[in-house]
Amino acid sequence: MSYEERLQHVSVLGAAGKMGSGILLLTAVEMADLSLKPENRGKAYVLNAIDVSDEALAGVMKYLKAQVLKLAEKKMVGLRKVYAHRADLIDNDEIIDQYIFDVISLVRTTTRLESAYDSFMIFEAIKEDPEMKIGIFSKISLNNPHKPWFFTNTSSIPITKLDEGAGLNGRIIGFHFYNPPAVQKLVEIIKAEHTLSEVEAFAQQYAKNLRKVVVPSHDKAGFIGNGHFMRDILHAAAEVDKLSNEFSFVEAVYALNKISQDYLVRPMGIFQLVDYVGVDVCSFIMSVMNPYLENEDLHCHLLDNLLEQGIKGGQYSDGSQKDGILKYEKGRPVAIYDPGTKTYVSIGDFQSKVDGKLGSMPVPPTWKNVVGSKSKDEILQVYFNGLKQTSGLGAELARTYANRSCAIGQQLISSGVAMNENDVNTVLLTGFFHAYGPINDYLK
Amino acid sequence: MRRKVYMIAGYNTLSMGTGRKEFNPKKERPGLEEYIREAGQGTLAKIGGAENVDECVIGNFMASRFNRQANLAAFFPYVDEGLRYKPAIRVEGACATGGLALMSGIKSVLAETAEVVLVIGVEVQNTVKAIYCADYLAGAGWFKNRKNGHAYFFPGQFSDRAGSYFEKYGREKTRQALARWFRNAIENARLCPTAQEFHNTVHDLEGQAKMEPNGKSFVDHLNIFDCSKVSDGASAIAIVSQEGLKRCGIPVSQAIEVKGWGQVEEDITKPPADPTELSTTKQAVKNALAYAGITRDQIGTAEIHDCFSIAGLMCIEAIGFAEKGKGADFILEGNTSRTGRVPINTTGGLIGWGHPTGGTGVHQAVTILEQLTGMAGDAQVEITADQPYGLTVNMGGDDKSLVSIVYKKAE
Numbered sequence: 001m002s003y004e005e006r007l008q009h010v011s012v013l014g015a016a017g018k019m020g021s022g023i024l025l026l027t028a029v030e031m032a033d034l035s036l037k038p039e040n041r042g043k044a045y046v047l048n049a050i051d052v053s054d055e056a057l058a059g060v061m062k063y064l065k066a067q068v069l070k071l072a073e074k075k076m077v078g079l080r081k082v083y084a085h086r087a088d089l090i091d092n093d094e095i096i097d098q099y100i101f102d103v104i105s106l107v108r109t110t111t112r113l114e115s116a117y118d119s120f121m122i123f124e125a126i127k128e129d130p131e132m133k134i135g136i137f138s139k140i141s142l143n144n145p146h147k148p149w150f151f152t153n154t155s156s157i158p159i160t161k162l163d164e165g166a167g168l169n170g171r172i173i174g175f176h177f178y179n180p181p182a183v184q185k186l187v188e189i190i191k192a193e194h195t196l197s198e199v200e201a202f203a204q205q206y207a208k209n210l211r212k213v214v215v216p217s218h219d220k221a222g223f224i225g226n227g228h229f230m231r232d233i234l235h236a237a238a239e240v241d242k243l244s245n246e247f248s249f250v251e252a253v254y255a256l257n258k259i260s261q262d263y264l265v266r267p268m269g270i271f272q273l274v275d276y277v278g279v280d281v282c283s284f285i286m287s288v289m290n291p292y293l294e295n296e297d298l299h300c301h302l303l304d305n306l307l308e309q310g311i312k313g314g315q316y317s318d319g320s321q322k323d324g325i326l327k328y329e330k331g332r333p334v335a336i337y338d339p340g341t342k343t344y345v346s347i348g349d350f351q352s353k354v355d356g357k358l359g360s361m362p363v364p365p366t367w368k369n370v371v372g373s374k375s376k377d378e379i380l381q382v383y384f385n386g387l388k389q390t391s392g393l394g395a396e397l398a399r400t401y402a403n404r405s406c407a408i409g410q411q412l413i414s415s416g417v418a419m420n421e422n423d424v425n426t427v428l429l430t431g432f433f434h435a436y437g438p439i440n441d442y443l444k
Numbered sequence: 001m002r003r004k005v006y007m008i009a010g011y012n013t014l015s016m017g018t019g020r021k022e023f024n025p026k027k028e029r030p031g032l033e034e035y036i037r038e039a040g041q042g043t044l045a046k047i048g049g050a051e052n053v054d055e056c057v058i059g060n061f062m063a064s065r066f067n068r069q070a071n072l073a074a075f076f077p078y079v080d081e082g083l084r085y086k087p088a089i090r091v092e093g094a095c096a097t098g099g100l101a102l103m104s105g106i107k108s109v110l111a112e113t114a115e116v117v118l119v120i121g122v123e124v125q126n127t128v129k130a131i132y133c134a135d136y137l138a139g140a141g142w143f144k145n146r147k148n149g150h151a152y153f154f155p156g157q158f159s160d161r162a163g164s165y166f167e168k169y170g171r172e173k174t175r176q177a178l179a180r181w182f183r184n185a186i187e188n189a190r191l192c193p194t195a196q197e198f199h200n201t202v203h204d205l206e207g208q209a210k211m212e213p214n215g216k217s218f219v220d221h222l223n224i225f226d227c228s229k230v231s232d233g234a235s236a237i238a239i240v241s242q243e244g245l246k247r248c249g250i251p252v253s254q255a256i257e258v259k260g261w262g263q264v265e266e267d268i269t270k271p272p273a274d275p276t277e278l279s280t281t282k283q284a285v286k287n288a289l290a291y292a293g294i295t296r297d298q299i300g301t302a303e304i305h306d307c308f309s310i311a312g313l314m315c316i317e318a319i320g321f322a323e324k325g326k327g328a329d330f331i332l333e334g335n336t337s338r339t340g341r342v343p344i345n346t347t348g349g350l351i352g353w354g355h356p357t358g359g360t361g362v363h364q365a366v367t368i369l370e371q372l373t374g375m376a377g378d379a380q381v382e383i384t385a386d387q388p389y390g391l392t393v394n395m396g397g398d399d400k401s402l403v404s405i406v407y408k409k410a411e
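The listed protein sequences correspond, in order, to chains A and B. Counting from 1, position 291 in the first sequence corresponds to residue 291 in my numbering; the numbering is continuous, with no gaps. Counting from 1, position 149 in the second sequence corresponds to residue 149 in my numbering; the numbering is continuous, with no gaps.
One should not assume that every hint holds.
Reference listing, derived: stretches of chain B covered by chain A, where coverage requires no fewer than 3 residues with Cβ under 8 Å from a Cβ of chain A [said to hold, decoys possible]:
| # | stretch |
| --- | --- |
| 1 | 127-139 |
| 2 | 144-157 |
| 3 | 216-230 |
These are computed hints drawn from the structure, not numbers from a lab. The model shown is predicted, which means the values in this text are computed figures rather than measured ones. Beta carbons: idealized from backbone N, C-alpha and C, even for Gly.
Please work from the sequences and hints to get the whole structure.
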């Protein structure tokens, strides 16, 4: 079966979720573009959007329509050629409307898993629950006569475990998008022990057609992205504990968030990133990864305590940030949650005190100014040289943080998760929008 | 000319769109009627009010699509109640609309049906994204060519012209000249507070303009810096007889006189015979100069229709400032800069000031009025006694509807 044939009947599981809806969008567009090739006219293309809630699926269709509109506007130059044979479509807006219709009409929303029994390809983006995934994969595999291929978006569960559990005989691969899939350029591709070579070849082709940057990761829980991110959280949490003599909880959280954003020149601070992903999601990913790790306990009391008090973060359906460890106004942190008093304490109340204790620091370049700059490397080297020569608590915390981030990266290589330094850095640069990779010589 | 015809009391609104700090596509902005009113009232305030006006002309290209509005002449009483029950007309000729509106006013004065004509040109285009704007503006071409045209129809047309020009006369020098054209436009716009690029602070403008064109996302031979702006804006001016001048109480020193014009049409259904030449423009300018009885060497400043940088370059050759194929040299030698032999587009032109399509022809007249009467403020260029004339070239479609006017400071 060719690449194009396989994409004639596809199902996305968890299609109403944040990741699932993005995968649905990208796949719908790829399938529509295939269907619009002259040689494929008249062939049927079906994309099942499967999820548990009809209401959520209705929302997905609205999302699809809005996203395809934006995309069509961007690729209008090419679309005029695609629809050149249609004498009735003259203005750009007529062509755009037709394209939206052509993409949307491939998609069938349904709450019935049985729809997947006819598909050649299954994309899965459901809850990070190994048992649930295995159960669903087995059911589809047993009932689907086409021996479908499974592309799982898991960010933490070893693929080999899913393959063996569901008896797929290598018809599975980890195809891990970053959030949001339509925007983020990175995908991690993770082969299970017995992943079929044709499945991998398809994955590479699919990623290429979606213009994604591919980083291969070994099949070790958490892969590269979460492998770094989760340990980064643990480091920050441990530092918050260490600062308890010096600072209150909210002050220490503020300090580490500031250090990890401003002084490490990252797009957001570590605790803001946890809120972005969701406190619950981070905690859950750790619990999924933990059983597979040797000599390491991936477990964060700080997150667990907050979760017990109902602090979850995450995002609203329009993509805006919910309050979590931090409280937000217009997307900016304004207060920090204090588990002791169960209230948010305004950052303004303690900011100058903490900043004073952190001591004088070299003025860091802003992430925004560095990330697209041609002289990025030079700017960062000058800044980190300054940081090296600065004494005081803040500078010490920043250096320790950067060194730990580097060590985590190296650990990912030595433990066989990542193939090389470049792959680790690419994931952090592309998937996390860092201005520089964690494995670097800036502080040497 | 059977009667002297003057222009006075020019007024420009801001040219609003990308580039202006005030512009936010997500926020509600003034609509068509606000621009019409602001420009109209601006000119009325200078000429002693609506009671001095005999007739009105409004130029607008495509409000029917951009704003879903027609019957624009009926907005004059909205500008000022004093204009109720007075004759008014709306004219359209694509991007030459403004020039045609002026011609309509000039002819009313010449016909002695009016001593004072209020002329407004307006377009409010930021109601839609550029990709839809391209559809609306494509109305300036023959609709039967739309289907096979580029997504960005007019950039596509002029990209094709640029491609032919590059092939015939060399790409590198021409692209350098187009980059210089952009730089001149922006530097001039920075001197004019109503210009869309007034806030532009880019240091290396020529470097920016040399960006390689990308045919996959835009057109093959031009980049976005080669293109005029998508603009919301209006301009107004009063066209008056000698009697009208007195009635409005404007001193002669603040007026320019219309010395001649060329108003020319070419067949919209036909492609250009020679894509490296603007032959209709050439004819219009030739007629205007002949009418005024002057040579091009007597022109001290010109406002020309640089809807695309390549159109500006070809227009220079059409006027005859440079021979065919020598336009790039003429620009690169600095002849068109504000201190050059003939400063062109002294407030930025369509690329720097902006291009509210139906308003552009009127804006050109306002700029010439300001320059020839010494009222151009920071944008003022020197007008010498041996080059006392101002020239405008206003083009509709791909060299189809043309209005060229020669002016001189009134005496």
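Within 8 Å of chain A (C-beta), three or more residues of the stretch 127-139 of chain B: With 6 residues in contact (Cβ-Cβ under 8 Å with chain A), the coverage given for the stretch 127-139 of chain B holds.
Residues of the stretch 216-230 of chain B with Cβ under 8 Å from chain A, three needed, outcome: Coverage by chain A holds here, the residue count being 3 at a Cβ distance below 8 Å.
Proximity test - 8 Å, beta-carbon atoms, the stretch 144-157 of chain B to chain A, at least three hits: It holds, with 6 qualifying residues against the three required.
Comparing the model with each numbered hint stated earlier shows that all of them hold.
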